[in-house]
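There are 6 protein chains.
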Amino acid sequence: DFELALLEVKPAFGASTDLFERCMLNGMISYGEKYEKLVSTMESLIEQVRVSEKTPMLTCLLEGGAGSGKTALAAALAIKSQFPFTKLLTSDGFVGASEAAKCQALAKLFDDAYKSPVSLIVLDDIERLLEYVAIGPRFSNVVLQALLVLLKRQPPPGRKLLVIGTTSLPLVFEDMGLNAAFNVSLHVPELSPSETSAVLAELGAFDAVDLPRACQALQALTGDRVPIKRLFMLLEMARHGKDDLGDSMDVGDGRRVVALDRWVACLRDLAQ
Amino acid sequence: DFELALLEVKPAFGASTDLFERCMLNGMISYGEKYEKLVSTMESLIEQVRVSEKTPMLTCLLEGGAGSGKTALAAALAIKSQFPFTKLLTSDGFVGASEAAKCQALAKLFDDAYKSPVSLIVLDDIERLLEYVAIGPRFSNVVLQALLVLLKRQPPPGRKLLVIGTTSLPLVFEDMGLNAAFNVSLHVPELSPSETSAVLAELGAFDAVDLPRACQALQALTGDRVPIKRLFMLLEMARHGKDDLGDSMDVGDGRRVVALDRWVACLRDLAQ
Amino acid sequence: DFELALLEVKPAFGASTDLFERCMLNGMISYGEKYEKLVSTMESLIEQVRVSEKTPMLTCLLEGGAGSGKTALAAALAIKSQFPFTKLLTSDGFVGASEAAKCQALAKLFDDAYKSPVSLIVLDDIERLLEYVAIGPRFSNVVLQALLVLLKRQPPPGRKLLVIGTTSLPLVFEDMGLNAAFNVSLHVPELSPSETSAVLAELGAFDAVDLPRACQALQALTGDRVPIKRLFMLLEMARHGKDDLGDSMDVGDGRRVVALDRWVACLRDLAQ
Amino acid sequence: DFELALLEVKPAFGASTDLFERCMLNGMISYGEKYEKLVSTMESLIEQVRVSEKTPMLTCLLEGGAGSGKTALAAALAIKSQFPFTKLLTSDGFVGASEAAKCQALAKLFDDAYKSPVSLIVLDDIERLLEYVAIGPRFSNVVLQALLVLLKRQPPPGRKLLVIGTTSLPLVFEDMGLNAAFNVSLHVPELSPSETSAVLAELGAFDAVDLPRACQALQALTGDRVPIKRLFMLLEMARHGKDDLGDSMDVGDGRRVVALDRWVACLRDLAQ
Amino acid sequence: DFELALLEVKPAFGASTDLFERCMLNGMISYGEKYEKLVSTMESLIEQVRVSEKTPMLTCLLEGGAGSGKTALAAALAIKSQFPFTKLLTSDGFVGASEAAKCQALAKLFDDAYKSPVSLIVLDDIERLLEYVAIGPRFSNVVLQALLVLLKRQPPPGRKLLVIGTTSLPLVFEDMGLNAAFNVSLHVPELSPSETSAVLAELGAFDAVDLPRACQALQALTGDRVPIKRLFMLLEMARHGKDDLGDSMDVGDGRRVVALDRWVACLRDLAQ
Amino acid sequence: DFELALLEVKPAFGASTDLFERCMLNGMISYGEKYEKLVSTMESLIEQVRVSEKTPMLTCLLEGGAGSGKTALAAALAIKSQFPFTKLLTSDGFVGASEAAKCQALAKLFDDAYKSPVSLIVLDDIERLLEYVAIGPRFSNVVLQALLVLLKRQPPPGRKLLVIGTTSLPLVFEDMGLNAAFNVSLHVPELSPSETSAVLAELGAFDAVDLPRACQALQALTGDRVPIKRLFMLLEMARHGKDDLGDSMDVGDGRRVVALDRWVACLRDLAQ
Ligand SMILES: Nc1ncnc2c1ncn2[C@@H]1O[C@H](COP(=O)(O)OP(=O)(O)OP(=O)(O)O)[C@@H](O)[C@H]1O
Ligand SMILES: Nc1ncnc2c1ncn2[C@@H]1O[C@H](COP(=O)(O)OP(=O)(O)OP(=O)(O)O)[C@@H](O)[C@H]1O
Ligand SMILES: Nc1ncnc2c1ncn2[C@@H]1O[C@H](COP(=O)(O)OP(=O)(O)OP(=O)(O)O)[C@@H](O)[C@H]1O
Ligand SMILES: Nc1ncnc2c1ncn2[C@@H]1O[C@H](COP(=O)(O)OP(=O)(O)OP(=O)(O)O)[C@@H](O)[C@H]1O
Ligand SMILES: Nc1ncnc2c1ncn2[C@@H]1O[C@H](COP(=O)(O)OP(=O)(O)OP(=O)(O)O)[C@@H](O)[C@H]1O
Ligand SMILES: Nc1ncnc2c1ncn2[C@@H]1O[C@H](COP(=O)(O)OP(=O)(O)OP(=O)(O)O)[C@@H](O)[C@H]1O
Ligand SMILES: [Mg+2]
Ligand SMILES: [Mg+2]
Ligand SMILES: [Mg+2]
Ligand SMILES: [Mg+2]
Ligand SMILES: [Mg+2]
Ligand SMILES: [Mg+2]
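Chains as they are written, first to last, in the working numbering: chain A, 28 to 299; chain B, 28 to 299; chain C, 28 to 299; chain D, 28 to 299; chain E, 28 to 299; chain F, 28 to 299.
The set of hints was computed from the structure by calculation and includes no laboratory data. Check the hints yourself; a few may be wrong.
[Said to hold, decoys possible] From the derived model, a few chain F residues whose C-beta atoms are all more than 12 Å from chain E:
1) K114
2) R155
3) G163
[Claimed, not checked] No more than 25 Å apart at the CA atoms, straight line, and that leaves these computed lysine-lysine pairs for BS3-like:
4) K64(C) / K107(C)
5) K81(F) / K107(A)
6) K81(C) / K256(D)
Built from N, CA and C at the ideal position, the CB exists for glycine as well.
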């Protein structure tokens, strides 16, 4: 049932922001200046939609590498907006769905949004909605054309709409003319070494003395830049699994400090 | 319902020119000589259709970069023509529609036009009607062929028709043989620095002393040429959003003068 | 049966040659030796079909640039032939039609022609019947194959048929094997400077003293060769439209002499 | 009705060899040694099928340029074979037919042939049955596969079958694996200058003194080699048409001697 | 009816091995060491399937040039195996059949085989089952995938299965991943000069003194290697046909000795 | 519901692990350090899924050459996990199935898994599920997109899921974005010479003195690296078949020691 994919969220002071919250299982951590600026620009757009008469519709694309935190950021802003209508469209409910079914769901989503005076729509992982694959490349032109029209179509008089899209394929979107269909395009960065260190410190994932070497070990596996989602996955791997190398200590509040040896061994395993 | 896409406009002294007017949310500003010449050439064509017996049908393509003002110009001329039948065809009502449905709508549009002695049709954003995407490239050949036939088909004896098309892909249209299907092709330019300055002055967007530096800041972001639509969007962004950098002043008539600092900061944000 | 065929196109001294005549809204003007030779070769073919027993079917392709006058020439010859059955097949009635529908119409056209002892069919703008577009390229192979068969199929014993096709894509037709499917292929030329001058003189479009400079101005816009159809369109543009540059004078018989200034200004406008 | 395409021919001493005879409207003329050898090799194959127990099925491809006389040759041999079952399959009845319909007709043709002890099938212009076009290239793989199977399938015990195919695209057939599916492949040549002269002499088309110069004029238009079908077409053109250059004389038996001047003028017309 | 394609063969001591025997119209002749080794390796596989518990399924591909004797060899081994279930799958019954019908027939064939404790399946001319054509290339991926799954699927516990496939396109099969789907791949060679001589001697096709020159003449036409099937075809051609060059003598047992002159003339005819 | 899930796969100490066990017809042999590390990393993932709250879903890709033992390894781990729900998805049941049917089966599989608190799914030979073929390449984008969504979709609150996929085409998966859809990707190696020797020793396949030369002979055929599945196949071939070269001795426990001569002869046969 495609209705499933249209996860309606009641007003923010209401109860059902759960769906957006499930996009932030690891919370939102400020990793520095770049993050703050991203959030502030986005908040300006939210404000503009709420207030301006000349721009009843604004569209913003969050683009960045896999796992850089796009979905979580969009969800956090949707909750913060406190718009009466906020919805998340993912592909989760579209497994095996036809192009026609997707277009219908997209059209319905926008029509529903038009019913509220101010609305916010998150189109998550647009390449998945487009069934994009780099070999060929192939994708659903039917869905793409639907998006290109919907992203440029004016809401009915008196209605306002902010659309946030996410993608990890900005170059492909360029070729598709999708980038140009968004008013604003913002980059969600992967973590630099110092940002990584800030996140790990904030999490208390390591004993303070181990932190520098934990960061170094990570860089050896992943290179200079780490997607924040991958960082959380690696920490969780190190925290669990078989205990032969050095147990991680439970620090009571559900967080467990990871022993440096275990961290290094775990990274080495994955590097093969 | 595809009927929605066929936005009938009553005689110009009538009431329902709203749809064409919604294409000009920011009004029409004369930015200089080029604009005047464009308008005058178009008016000649309108006159020719009204009068000549030998050319019962004329077709004109407005081509120019994204946001250069093609749709607004076509709409303005449609209103000015005061033809008894003027219609705007966009893709807004065709989300997920089949090729067949589009062809049928196109054929019906022309047949409706033939019923009035003198008619004007605007085919807006033809590449969207064609479901064009540069990857491949792909497009609906069925719709293209329908257009190629309709644009060359003589109206019934005694009927006259002016067709105005808009596109931002003149080179692609060349390959499709669509350019050749139009009698006349006119370029809608993006704004040069002096034209930009003229528009900003006319709008009173900045204090007169700030104008030169406001223009310079803009050029730094966008390069020499600015699409007029983008210019309006940027002004609106600078006028709203969070207030931490310098408030814009409301000047009473709904226009608000933008502080230079705020303008510069806003442009810098988008440049990332 | 034969009566049906008579209902469709009456003998040439009858009434319903209108459709062919609408292809010659601007009449037929002899622009010189090349035109005379074209007409005479075509008349030989008409004669051969009428008389020869060994060649019951002849097929002739008129190929030439866009607007060179192919359709008008085919129509003029169809009328002149005075064959009991003459028909024009264009794409005008096929907007959005399926390939199957086109094949059926083609097959029916030939079957109808076989019912008359001597018939002439004009297949106008064959590339449009084929839904050809240069990108790809794409076209209807189903329609192409139908044509290839029909153009080589012998009429039933005692029946004779002349097929005249028109196209502006002779090179593409070569690749399609369509050229080879025609017995004869004739080139319809664009006008040379002296031919242009002859046409303008014949039309009395300019004062005699202005004629040389009118021709020069035209060449500056279009180059050495002008399609005759475009020449008529430009004249009509210069004759109408807004009057700010020099009014054209109505010379009574419906033709209006064009002032040189106005002609030059009009050409300059289109050159942008 | 696809039955039309399957033109059944009664035993040779019967009456309905008409269809094969219509393939030879201009008769069969021996143009020299090459022709004699072609015929003799083909007759050997007919004999082998009639007699041998080890090769109940033989398949032979006649390949040669357009108009080289492939169809006429195949038809002549079919008549000569006096097999109880001889059939001609062309595309004439398949205009707009589906691939499935063609396969069905092919399968039925072979099944019908299996019902007679000794049969001969002519598959004329196989590229047309395959709906081949060089652009792409495109063709019906469904029909091709059907042919590949049918051409290798053994007839039921006690049945014998000779299949003659014709094509002007031997290189394409190579790529399709169709050449290899035939046991024998024979080339049908275009006429050399001396062969052309022999045919013209045999026909009495020119006064004997004009013959050498008539041949020279032809070579100037067509080059060294002339397809025999084209030769007949040119003769017929010269014999008819308008009379301004030199009348051809009717020599009583239906053949008319062509005046040299007229021949030269006619060739020049087509050369443009 | 696709059932036709599934030619069931009763136990070898039974009666209906006819279908396999029709694949060997010219018998099986041992042309030397290579042939013996091929047969012995194949017999080992038959033995392994019959006996081993660890390899309940074995798959073997016979690949070699057109006419090299693949089908005959597979058929001979199927008969020799005396397995209770042996079946031959060819494309003979699939003319114009859909991909789905083929997959269904394939699946049914394997399911039928699973019902017998030990089975042997011959998949003849797999490229034809796949509707392969080199232009493109095109083929039925649906049938290919069905084969790839069926060739790796374990039979139910207690059942054993040997699959023999034949193809003349081993390189294409490599690209398709079909080679890798077979446990063993064996090459069926064309005849070397000495092997050819051995076959001709065994057949008594020529007088002993003529044999060396008969072989030389053959090599001149075909090059060093002759497919055995072609050798039989050429012999049969030489034995029949018109008698002008030297009659072949019937030697009583149905074999006829071929006169050397006739052999040479026949080869020359085909070489053209 | 939960009972349904229990019906499908009983707890590991139950009875129906047969399907996984049939993937290990030759048992699991530790061939050295690499194998041990592979198993231990996989066991960590199983542990993490069982315990961690932050990563309710983990996905792991086992990639390696054909026959390297991927399926057997996945099966062994599924049994070892003792999860209440473990299922194997292969293409065995999908011969000729539509893309839609596959997507539905995939979606159902995940939905079934969500019904158990902790589940493990093996997606075996994913390229076969995708109907991948290198020519083109072609594959089912519909199934691919379904996989890409399902592999990233969070299980419902409180449910946990480990997905193990296998493939021999890691580079293709990279292009498809499938690698990135798995949290972890592990390489299953082919056997090095010393690992091969270890396996053969463990199996007692040869007399100890023959082992080094048996290994050398193998390397001559296969090169440095041997897929473990192929090693077992070769051993079985050498153990059976015709006896002319040296009988293998049955050692009582069902294993038979292979004579070196026989081994060498068997390898030579396959090398041709
Ligand atoms: N400042 C932050 N920004 C974004 N995510 C954060 C931040 N701090 C913590 N996170 C956590 O990091 C994870 C980011 O994952 P998310 O799914 O948003 O990435 P993504 O870029 O959408 O990945 P994908 O490319 O797979 O769609 C979430 O679990 C989120 O709770
Ligand atoms: N002289 C002018 N010409 C055109 N537009 C103008 C002019 N003056 C002001 N405008 C305003 O500029 C905007 C032009 O946007 P418009 O949608 O017409 O551009 P466009 O070229 O059609 O864009 P797109 O490429 O996205 O279709 C309108 O809001 C219009 O009111
Ligand atoms: N000698 C002439 N030959 C052809 N057309 C002529 C001639 N004299 C005048 N005309 C006029 O020129 C115009 C020729 O246009 P026509 O539609 O036949 O060109 P076309 O080559 O078919 O164009 P297109 O390529 O668009 O199909 C007609 O209006 C016709 O009346
Ligand atoms: N010796 C001959 N061989 C073949 N045709 C001959 C011969 N003598 C005369 N003809 C005549 O020449 C013509 C040959 O035309 P035919 O249609 O057989 O050529 P084709 O190669 O099949 O042409 P296409 O390539 O168009 O199919 C026929 O009219 C036939 O009567
Ligand atoms: N030793 C032999 N091996 C194979 N065929 C032989 C042998 N001796 C005689 N023959 C005969 O040679 C012919 C081989 O033809 P066959 O159809 O098996 O070849 P093929 O390789 O399957 O051909 P194709 O590539 O057309 O499928 C048969 O008629 C068979 O009776
Ligand atoms: N350590 C081991 N790891 C894997 N397989 C082993 C091991 N020891 C023995 N085997 C046996 O080796 C065989 C491995 O074959 P398996 O089908 O798992 O390979 P695969 O990589 O999945 O092959 P394919 O690429 O064909 O899918 C099985 O029969 C298994 O019992
Ligand atoms: Mg995301
Ligand atoms: Mg527009
Ligand atoms: Mg025309
Ligand atoms: Mg022919
Ligand atoms: Mg074979
Ligand atoms: Mg496997």
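Outcome of the hint check:
1. K114: Correct as stated: the minimum Cβ-Cβ distance to chain E is 18 Å, above 12 Å.
2. R155: Given that some Cβ of chain E is not farther than 12 Å from that of R155(F), nearest at about 6 Å, it is violated.
3. G163: At about 8 Å from chain E, G163(F) fails to clear the 12 Å cut-off, so the statement is violated.
4. K64(C) / K107(C): Answer holds: K64(C) to K107(C) is near 16 Å, not above 25 Å.
5. K81(F) / K107(A): holds (23 Å)
6. K81(C) / K256(D): holds (11 Å)
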